[in-house]
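Dock chain S against chain E, hints included.
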Amino acid sequence: MIKKEMIAMLLAGGQGSRLGVLTDNVAKPAVSFGGKYRIIDFPLSNCINSGIDTVGVLTQYRPLRLNTHIGIGIPWDLDRNVGGVTILPPYEKIGNTDWYTGTANAIYQNLEYMEQYNPDYVLILSGDHIYKMDYEVMLDYHKANNADVTIAVMPVPMEEASRFGIMVTDDTGRITDFQEKPEHPASNLASMGIYIFSWPVLKNTLEKLKDQSGLDFGKHVLPYCREQGKRLFAYEFNGYWKDVGTLGSYWQANMELIDVIPEFNLYEEFWKIYTRGDIIPPDYIADSAVVSKCIIGEGAEIYGEVYNSVIGPAVRIEEGAVVRDSIVMQESFVGRGAQVNRSILAQNVAVGDHAVLGVGEDAPNVYNKKVYAFGLVTVGENSVIPSGVRIGRNTAILGETTRDDYPNGELASGDAIIKHGEKDGESS
Amino acid sequence: MRAVGIILAGGNNNRMRELSNKRAIAAMPMAGSYRAIDFALSNMTNSHIQKVAVLTQYNARSLNEHLSSSKWWDFGRKQGGLFLFPPTITAQNSWWYRGTADAIYQNLSWLRQSHEPYVVIASGDGIYKLDYNKVLEYHIKKRADVTVVCTECRDDDVSRFGVLKMNEDCRIEEFDEKPMISKSNVISTGIYVIRRRQLIEMIERCEQEERWDFVKDILIRYKDLKRIYGYKINTYWSNISTVESYFNTNMDFLKPEVRDYFFHQGSTIYTKIDDNPPAKFNPGCSVKNSLVASGCIINGTVENSVIFKKVFVGNNCYIRNSIILNDVYIGDNTHIENCVVESRDTIRANSYHCGENGIKIVIEKNERYSI
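Chains E and S, in that order, are what the protein sequence lines are.
Just so you know, we're using our numbering here: the first sequence kicks off at 28 and counts up by one.
Just so you know, we're using our numbering here: the second sequence kicks off at 1330 and counts up by one.
Just so you know, these hints were derived from the structure itself, not from any lab.
These numbers were taken from a predicted model, which means no experiment stands behind them.
Backbone N, C-alpha and C fix where the C-beta goes; we use that ideal spot for every residue, glycine too.
There could be a bad hint or two in this list.
[Unchecked claim] Distance ranges between label pairs, derived from CB positions:
| no. | chain 1 | residue 1 | chain 2 | residue 2 | range |
| --- | --- | --- | --- | --- | --- |
| 1 | S | Lys1463 | E | Val109 | 37 to 45 angstroms |
| 2 | E | Thr95 | S | Arg1673 | 32 to 40 angstroms |
| 3 | E | Arg107 | S | Tyr1681 | 45 to 53 angstroms |
| 4 | S | Cys1683 | E | Pro434 | 55 to 63 angstroms |
| 5 | E | Gln279 | S | Asn1662 | 31 to 39 angstroms |
Just chain E, same shape as in the assembly (with noise of 0.2 angstroms):
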């Protein structure tokens, strides 16, 4: 018989609305993070480096780019005989036919899959998180208890508790109480979204609730262990942890990995970070080139100027263009002369010669000011942005645009162009 002590389940199926046009695409657990990962290998290296084997990612909202780059699982050596890495997708099924609709409900459709492996302990995950944490700890953290649910929670400032969902434990780690987003938070421990349940009180409280709509862990599934008197721990992780939700968050991280002694360090030894990475050469920078304070993934050529930026695999930045505090993602293009400041350029995207990006004041963004803000530019996917136009802050471009695009050569700050895909309208 297949026995499986703890096997992982992998949350990837949300779309991650609010980093704009860089999700229009990929779900946000394939976004292209630090240079050379994507967001979803920081998870799927931990489980691989804890020693768990059998991992199934829970894909719903464009998962192409994400069954692409996982495929068997060779970069994490998650393809095994036995266990290994499997993509769940929905699937159609005799009565009701539903997407996953909630966390939980995702996981509840998936019973099947989980039950093969006879599993003790089921980790559950999200794919949005930077870290490195050893799951392994935390299990043993569990089995110490003898809990029958181990949320995995964070310090935060007692100032900032307020935008996190709460948990109020007693001097021995057992969770009294849930606060979500609370006014007046009573502890500053935040949850981060990962949770071991022993597998049969998941089961169990999966199958009891199974016909709550939109079957979510934090509102649904916690509360009810709760209330049933289940035992439920707190295990509280003290090192980095970032949720790249937010374009600005998304940035800040990126950014934090040129310093020069990073609080994130990815160039440890002991617990790596692995990735399908398809680009092998070697970065070129010519003699024209300055680059001071950036990263820059493989097969990279620089003729331009490149500052505190993080560059990804297979970029070319041309003579005289100068970026600074960007991020730019693989197999993008910036043209001659061009300048690049404070913004996210997407994969495959191609800047023209002399184009300037990122000046001008500030201004709300006209489409949606809470995610395009922050200061930056973000360009979606193979976008091309016209020679010689200027672009403001807090600005949005998706799609090939032209000079037609842009009245006067420019596109002020706080405005968009989404020429493909959905317009990111308030309501996201």
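Same frame as chain E, but now just chain S:
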């Protein structure tokens, strides 16, 4: 599949000096991110040859490490695969490989059991891209017995190659192995196509006559008897088996046309994946006309150099016209010029290394205290 592949990777050359102390030439790091054998292996896989034997002998362990998994070159499959054949003792034979033909002879059962009609033989120290199918088509069209891929020698020194002369039909009329005075600048690249049964027959005959070398005892000896043809390539080809040519071949990758040809056009060169983070350029660094591989951290000045994977360059270092192999730590204020620094080495702060007449090979073997 029409052909199996054999890669001859067993040799050493004393002109590699200390660089081959701990590795086979085919395992030499190349172009920042690769090893020499990756080029032959990738050409095999890109030519849809699925079954490849690598014959190793000298410092075979270095190659075993690199080839520990065949999946990076797409050889991890049920049909075919990658076979590593170091010499082995059997009831009939307790010799090392006494030559290239002997190496094939000692693994003849593998060739006999194959069913593909042709064999592509390549060496592990050539840096090139080639679709072997084109050579194979040519071989069939010419009704050749052996086809030798050849090229015009780019450097003046043809004396370390097999030099050949062809007639108008491209049939090889003269073939001199490493001649003192050469009559031609067309050299053999050590890539051959031959019918499998023909090869088995010739190798068996060689063995009976106690002859062990593929070039001397087959190509040269048979050239008037058998139809031996040359297939001339004019794309980039370089052999790295001397320190000078190794150095120059790496430096060639600083030229945009060479990088374009190998990295961007056509087929991909594959290698073992190392999972290094991106290269990091700290404030105060200055990098000009150089290749920098993944996992490097650069603080000092680097000019006209090739920096391989996971190299650390300290503050205020000056590295010029040099090749720094994998996983080297270079302490602050170090000057390195016209050097090849051996992999996994630790260069203490304030060191000075300069190749005065030619290239200096730096091997320090200092202890490293990991941080």
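Hints, one by one, checked against the model:
no. : hint                                       : verdict
1   : Lys1463(S) x Val109(E): 37 to 45 angstroms : holds, 44 angstroms
2   : Thr95(E) x Arg1673(S): 32 to 40 angstroms  : holds, 35 angstroms
3   : Arg107(E) x Tyr1681(S): 45 to 53 angstroms : holds, 51 angstroms
4   : Cys1683(S) x Pro434(E): 55 to 63 angstroms : holds, 59 angstroms
5   : Gln279(E) x Asn1662(S): 31 to 39 angstroms : holds, 35 angstroms
The structure is consistent with each of the numbered hints, conforming to all of them.
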